[in-house]
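The residues making up each chain are set out below.
Number of protein chains: 2
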Amino acid sequence: METILRSATETVVISPDRPLVIIGERINPTGRKKLAAALEQGNLKLVQEEAVKQVKEGAHVLDVNVGVSGIDEPRVLKEAILMVQEVTQVPLCIDSALPKALEAGLAAYQGKALVNSVNGEERKLKDILPLVKEYGGAVVGLTMDDSGIPKKAERRLEIAEAILEAALRVGIAEEDLVIDPLAMAISADHDMAMETLKTLRLIRDKLGLNQTIGVSNISFGLPDRHPINSLFLALAAMNGLTCPIMDPTVWEMRRAALITDLLMAKDEYCMNFISAFREKHPNPQD
Amino acid sequence: METILRSATETVVISPDRPLVIIGERINPTGRKKLAAALEQGNLKLVQEEAVKQVKEGAHVLDVNVGVSGIDEPRVLKEAILMVQEVTQVPLCIDSALPKALEAGLAAYQGKALVNSVNGEERKLKDILPLVKEYGGAVVGLTMDDSGIPKKAERRLEIAEAILEAALRVGIAEEDLVIDPLAMAISADHDMAMETLKTLRLIRDKLGLNQTIGVSNISFGLPDRHPINSLFLALAAMNGLTCPIMDPTVWEMRRAALITDLLMAKDEYCMNFISAFREKHPNPQD
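Chain order of the listed sequences is A and U. Numbered per my numbering, the first sequence spans residues 1 to 286. Numbered per my numbering, the second sequence spans residues 1 to 286.
Chain A extracted, bound-state conformation (with noise of 0.2 Å):
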């Protein structure tokens, strides 16, 4: 299945069947002291030197979150949008809490965006699918609904599938669902990960289709996290996974994905990780 999004000038295809698409997780103030400041102050020159330094280290999309208490979070997300889509060319993953922040982002954005997120809550997608659709983008959809995350794969399968009925009833498409498993902390529950995993291969096998996930959550609480979470980032991807949430600037991460591929023959001629690893290290002798 694959699920396309759109800028103004640049296309990507998220599939299961192409190289991972790295969404830039770095625009979002949660547990960003300087970026939670700054927006706070109205600044968003920060927000695009995000933006380009992303794009810079390989990220494909660009999730944009502005969500910080007192501010106007509508007026600021569309000014950011605006702005993002000043200084780079890849789609956008507009992502607030607030129905009227994705609206007034949606409106402020050239292309087929990603929007983030619905999750199995009556009101959430009562309020978010029809913008999703009125605006002709694709959604994440999150396994959780009004009783939390559940912890078994099966039932959070069922609430992708809830999910995916309510989007088809909308006229959505159904390859414009991307589905966000939950990855949760190992530190808290060390099957979490398992449990993870056999979500991600439930959803591929009965649904097809694409999945996102925010890597980083499955080592909260551990030491060396850039190895844990690599390590977490390709076991996804054997099940399932198309479309981590990830902060590409992070070379260990990045090259994560890029060796993922490699391994997934996603690579043809290890053009793709070599080129990557070229230009980390442009002294041989590094």
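It should be emphasised that the hints constitute simulated quantities derived from the structure, not laboratory data. These numbers come from a predicted model, not from an experiment. None of the hints are false.
One copy or any two copies: either way a pair holds, since identical chains are not told apart in the list.
Taking lysine-lysine pairs in the DSSO-like style, the calculated list, with each CA pair at most 30 Å apart, reads: (1) K133 with K112; (2) K198 with K266; (3) K266 with K112; (4) K206 with K152; (5) K152 with K198; (6) K45 with K33; (7) K206 with K266.
For chain A, the structure is supplied; the task is to place chain U on it using the hints.
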């Protein structure tokens, strides 16, 4: 299925339900000039040092191969087996292309060894399986035969089945056969990793046997080999690898094995990973 190996004092259980069993690969002169030179001079001090070092860095089993041309391999392998047993307690994997050397090694070994290896060739099966039976060992079966290493997973499975039949015929129990589906360089053929992962999966699902693999072959000819090998190790484990042959003295590789166990829910409370990490980073500021 549980494959049990024993030294005079220790037991190691290889099983898909347990953490990965690391077979240390460093006692092997192939590609190691210093060790090859020492062996040619009849000096086995380095063999002992490599044994101690690998066990300290997490090897659960040690492969012992002394194959350099021009030496009396049965005599040297016997001596190496004796000397390694003097300095370490872990079970050994006795590794030679010569049946006579394997026999000398087995005669000198106290416990239940892993014999490395047979393959689908009639000659090999006939020469080596009776030795394994006689000395009560387990044996590695490589999925290759007189026609070489087949590219396709289905054909490699057939060879594994043929080796299993031959082993059962001489009275070796199925749990005492460990298949090596043979990782080959992805730089030579870009879907080699996927084909090997498929072989692992087929052999796991159809035969249920434990499987080993020389992990590092996959990255031959590429830069940045440890990260490639790390991700391949995780993917291989997810598909049926239970006892990788690898170099545990490379922290990045040992860490990959620990993280693989962590992600596969085989390290409750993350304690194996965290304690190895702390040993490597005694200063919290590191």
